[in-house]
Amino acid sequence: MAERMGFFTDTSVCIGCKACEVACKEWNQIPDDGFVFEATSYDNTGMLGASTWRHVAFIEQSRPVLAGDDEGVDRWLMSSDVCKHCTHAACLDVCPTGALFRTEFDTVVVQADICNGCGYCVPACPYGVIDRREGDGRAWKCTMCYDRQLGGLEPACAKACPTDSIQFGPLDELRERAEERVTRLRADGNEEARLYGESPGDGVGGAGAFFLLLDEPEVYGLPPDPVVTTRDLPAMWRWAGAAALSAAGAVALAFLGPSRGGGRR
Amino acid sequence: MTRERAVVPEAEFRSYYGRPVLKPPVWHEPHMPTYLYLGGMSGASSAIAVMARLTGRPRLDRTARVAAAAGASLGAALLAAELGRPERFLNMLRIFKPTSPMSVGSWILAAQSGLSAAAMTGDLTGVLPAAGDAALLATGVTGPLTATYTAVLVADTAVPAWHEAYRELPFLFAGSAMAAAGAIAMLGTPRAHAGPARAVAALGAATETVAGEVMERRLGFVGEPYRTGRAGRLLRAARALTVGGGLLAVVAGRSRALTALAGVALTAGSLCTRFGILEAGRASAADPKYTVVPQRRRLDAASTPAPDGDDLHAGRLTHDAGSDSDGPHAAHLTRDAGS
Amino acid sequence: MAECHPVGFQWVMEAKARGAKVFHVDPRFTRTSALADRHLPIRAGSDIVLLGALIHHVLENELDFREYVLAYTNAATIVSEDFRDTEDLDGLFSGWDQEAATYDPRSWAYEPSGEQPPADQAEGGPRDAEAAGADTYGAGGPAAHPSPRTDPTLTHPRCVYQIVKRHFARYTPELVERLCGIPRDGFAELAEAVTANSGRERTTAWVYSVGWTQHTVGAQYIRTASILQLLLGNMGRPGGGILALRGHASIQGSTDIPTLFNILPGYLDMPHAERHGGLDHYLEVEGGTTGFWGNRRSYVVSLLKAWWGEAATEENDFCFGHLPRMTGDHGHYTTVMGQIDGTVKGYFVVGENPAVGSSGGRAQRLGLANLDWLVVRDLTLVETATFWLDGPELETGELRTEDIGTEVFFLPAASHVEKEGTFTNTQRLLQWREKALDPPGDCRSELWFYHHLGKLLRQRMTDDEIDRPVRELTWDYPEHGVHREPSAEAVLREINGVGPDGRALSNSTQLRPDGSTACGCWIYCGVYADEVNQAARRRPGREQSAVAPEWGWAWPANRRILYNRASADPEGNPWSERKAYVWWDAGRGEWTGQDVPDCEIGKPPGYEPPEGARAQAALAGTDPFIMQSDGKGWLYVPAGLVDGPLPAHYEPHESPVANPLYAQQANPARRTYHRPESPYNAPGGRFPYVLTTYRLTEHHTAGGMSRPLAYLAELQPELFCEVSPQLAGQLGLANGGWATIVTSRAVVEARVLVTGRMRPLRVEGRVVHQVGLPYHWGWGGGGLVTGDVANDLMPLVLDPNVYIQEGKAMTCDVRPGRRPRGRAALDLLERYRHG
Amino acid sequence: MPGRGWLARWPVIRQLTGEDGRSDAARSARTDALRPRTEEAGTVARSICPYCAVGCGQLVYVKDGEVTQIEGDPDSPISRGRLCPKGSASKQLVTHPGRQTQVLYRRPYGTGWERLDLDTAMEMIADRVARTRRETWEETHEGRVVRRTLGIASLGGATLDDEENYLMKKLYTALGAIQVENQARI
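Protein chains in written order, with our numbering: chain H, 1 to 265; chain X, 266 to 604; chain W, 605 to 1439; chain B, 1440 to 1625.
Calculated directly from the structure, the hints in this document are not laboratory data.
No residue lacks a Cβ here, since even glycine has one placed at the ideal position from N, Cα and C.
Keep in mind that a hint or two might mislead.
Unchecked claim - Derived Cβ-Cβ restraints for the label pairs, each shown as a range:
#1 G169(H) x L564(X): 20 to 30 Å
#2 A457(X) x G249(H): 20 to 30 Å
#3 R1437(W) x H293(X): 54 to 64 Å
#4 L1446(B) x G169(H): 37 to 47 Å
#5 T1534(B) x G169(H): 24 to 34 Å
Unchecked claim - A few chain X residues facing chain H, derived, Cβ under 8 Å:
#6 W292
#7 M357
#8 D421
#9 T422
#10 T493
#11 A550
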């Protein structure tokens, strides 16, 4: 397997231009996602979904500014969300057809020619990333531009990103770069700067796409401590096995007592 | 309209405009819940058929064989219809994946429907009865699995109300399956021959009820969706029907009317349970508080010296969150955030 | 900048990462503010107060880069004793003519050193005031004595330095707080940063866009910044300057090679019936004989030769008579009035959408409806092409389709990938585009359209005298391809110019006044040097210096920083190693450095012009501003502007605030149209809020190139207005609900976005609320998303120098809920107009 | 995949032969054949973004007369291969279904569009320009020679090429039309 590739999204330099959303749709030829004014700051995309593989979140935070007594927004957080390409990917674990598979770049990709739209991956994802596209019937999500990577190209979103908020590269290098960046931001007084999803020790074994955030994950719509559901699968099977045996036993129990039917003799 | 405040009180639950973190299950009604019912009914019916065969109860044996075969094949059909691309149903057997309850389940269901069909044909046509009986005996294994794997299927998701319930759900499903199968068997078999069926139904009703009680107790806050909204109504109805039907089943031997009443009540109860469980999952995923609050508590607790990540630990914390007054408070704040 | 030029903003982020401090001054907290170190919310229309206060801060504390100021600016120059300042005349400069509502600028001149031209011929005089003549002086045309009287001690009461100091004496931090709404600590932080980061070792750059130009004092906004930057020594140096971020792919090119009424290619004045007779007289009154404009005859004659070739001879003034004459303002808005009044019969609208994109949309549409014929060329059916079918005036009943006599031709255009040619970007860089494929169906390039239209017209010309200019026009461009597309390279070569030998010229210094050279645009001379399309050069940036001189071609002479001689001290050495850019190499006896030096390569720093020298020879070796007749950067403008030699704060034409500085409320020279089609808001309480308009990253101008695109339309699907929580509370506006914005021009509805990014400002002791409105929507135009036309709200009032409308600051009222429809909308307007 | 029957390619069988059911065995033939579509482009044109004036470099990929992709040119010292949302949507700009590719004509007082072929339209426009020019020709104005027409005006966008602006100004000036303006005034 080739070197593990990933995304490092540094939200501290995101200008919320949404080039990532458009570049992604142009390359992957994704249909539009409807024309709805959401009145949630500048976010009219809402969330990741079958037809949205990059989503820029906008969070306006108010505090009294300068000496002015009246409150006004002094911080406008912007962050481009994407599939995390987990080390332990629930969507891949639960996919019954093998449509979802792990590539040589250690990314997680859906094969549109295989997916039969069973929908199991949808509630399995702890980040609410993958979804089934109505009408099309299949599940879709970010492929980290698998086809581009096969040609040695970087993903469309990372290439377009004007301020390099979205960085693509070997995951190990990105993790080092991220550590340096967060250290520097903290040194510059930005105490709230933190990395999200970069630790191999987290509930999904570390994400292939991780982030530098300036506030708690849930503020960006991200789960604070996601855990891959299949971590508990062995236990689940044990409990289910016990239940199956109990059921069999219970049924047997119900047949105790003399046969009244007069079976074939 | 800005939801963020400079200083965030510990208790305050934050989210992104109140939007869900998770994607709710896309499975449609009535397909999925009805399949859960049919699969369970088929599985338990196989068990009944096997026992009936072993204990020499041909009438009951036949009814159960038919119920098992019908349930499995009907269920399979519903599953196919549920798919976004039904024509690709066979892709379910493209691969075998132990980490996917649906993959494992597909192979189990394939076996169950094949074997139960063979068992039924053997019995009805009398052709190669030995082969039919062999198939029947095999369903003694696939049946109970068919009845319980679906609990793992729903539990093995990120949906808090489902995942956190992975201990009790298999018993709840098994109980519901026995109740359903018992009900069909007693309805389809002369009363004189249906004694064991009534017993199975009663035992199933009891198992389901107890498992449900234990589950909701343990889940606390995360279990809220089982008590509230549409899911709450469905599950309360299920509880009443199942308990009532179970008690009736005990005495149903006395009259046709009682049998019919019990059978219908238990069938309806089992269906309500399946619809309720699915609806609860949807509600649980749709409200970010069920995702965020337990995880936030887990993190906070982890930052104090305590083992991190251990699911039991998580479960206990989730419970705390529920019994904690912050729960509803948090929900209130979420709606503010959304508006 | 992050909003409208995101990819350019990457360099601001690079600078920030290297320790640069970024301030953002804007009425709204935008995506740029989010990434800046400090956002300073300002009341729209008060920038001269802020910039003036910075100038005041610099002069009061003697923080100016004195050596630079003395050597490179006109700070020491003595001004005529006839000059009177706004401080003396309560808001007017000397020379104001109440009748004509224009200035006689003669009293602004330097200490007289010769007889003055008559008023009606002076640059910036009444004739210019009518003809936006000041445009050409943007390139430094007007005459001023090359070596006027000076006082190097800067103590003479009439020296520019003292005049400027007195003029801005009342522009204090207190005034900034009162008028701009910027708290004092905010101003202090800005002043400290700007001055601390200027001088030998450091430079500060100012970046602006139409937020500075779309005002009745727009040109003076830029002037104020120029004064500050000259005082701090930030002009002509790396990391300095005043950078205009232009909003369209080749809007710079469309000014250099102007489709503008008042200038010819290369910022040459369009001849004026009263000011100009023949070529000689034109050249005589057109500015100085010193500096590079001293070669004006060569530029003009070469242009005439390029256009009329053989027919242009010494004897016939090189066909100078073929040029039509201006008699005043023939600008966009005046043309629209001409349409309404019936004098304009035919109208070409090419890649433009005035029905939605121009101020006072209603007047625009009434004009369109009164034409004989209209030709619209665009990618989609823009609103300008369909006004007769679905325009708002049909809904209100003001117009009926069957009553509109306008004959409309819609011709589909080729896209940027379906034709080849050059765009000139915001830094004067020409970049050649290769053609990727042929345009579909009837789609054609503008080049194709005008080339073939020209051919068809020439077939229709007679021997009649009036047809001579067209008959004799050089119009034989090679054609190629199935569509007989004219060769864009042949046109570019004509623009570049050819010498007597017929070979492409390589530099405008080769142009001759005798008709032996031909050149379509003298400042572009060199873009085809050595018969090579220099604009097509594509040497990768990573393979060359940061200046990247081998990517494309920048006018003039491939210079990337103008006036870069100022990056070296008077002796020709870099001001500092950090800021070294170009310098004098004594050994080789020539200028050298990272960029093409912006001066005569061999002219030593010690060069002193002999008496009576002309053109560049009249400039000393220390004069960096080589387009100026005195080679100096002008802190004070003795001639060339029609509304004063110095910037003074005037309130916008529509403002909720009384000008506390002067009795003169607004720019006295501003251009107004008192027309029923587009009335002005009455002062007073009926329109209590400040309205400002702007772009969003997700859309482009009036939306013709973004609303039909699903991927952009879904990102910003509806017209919305941004209001503060405080204002929303007052008016009962709900986030996500509807609001109706009213001016006396129009009633517009928009979705409401309540946001703390809009902040009420304390101005003159009371709270002023500002309402923000992006202007990308229209009722159709092939848009997947549609909405009301924000530009319909705007007043038709213009900057008097360049005739740009005041689109960034006006007054309005806001009402909760959706707007009335049809007749009811007109009734509401009536109530607002006449109360 | 040639040489291998469906049975041999059936992932379950491949699993039995030791391939990983989560990666190799799960791959479809289509996945194995995947490449970036830009590799199939017949030509790649070096272009410039048509939106704002930053002047970002664009690469335009064309296959069989269709634009298949437009993305940033990494060689550009201005944009370094990056594009904003508008620049990134350039392919849609030139290929979207709403784009007009036919000449349309609305006759005076007409209530709808009519088709017209391009050559006819050009002739008609030339006739009108020539006629209007003559009808509104102004030789003198207040006693001074002006040699112009105020009957014909033009408003241009600022996405036109320099060469196009040049031909426009040249032709209009020769015709004596002076009310020639563009976006720069707006």
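Consistency of the hints with the structure:
no.	hint	verdict
1	G169(H) x L564(X): 20 to 30 Å	holds, 29 Å
2	A457(X) x G249(H): 20 to 30 Å	holds, 25 Å
3	R1437(W) x H293(X): 54 to 64 Å	holds, 58 Å
4	L1446(B) x G169(H): 37 to 47 Å	holds, 41 Å
5	T1534(B) x G169(H): 24 to 34 Å	holds, 31 Å
6	W292	holds, 6 Å
7	M357	holds, 6 Å
8	D421	holds, 5 Å
9	T422	holds, 4 Å
10	T493	violated, 19 Å
11	A550	holds, 6 Å
Checked against the numbered hints given earlier, this structure breaks only hint 10.
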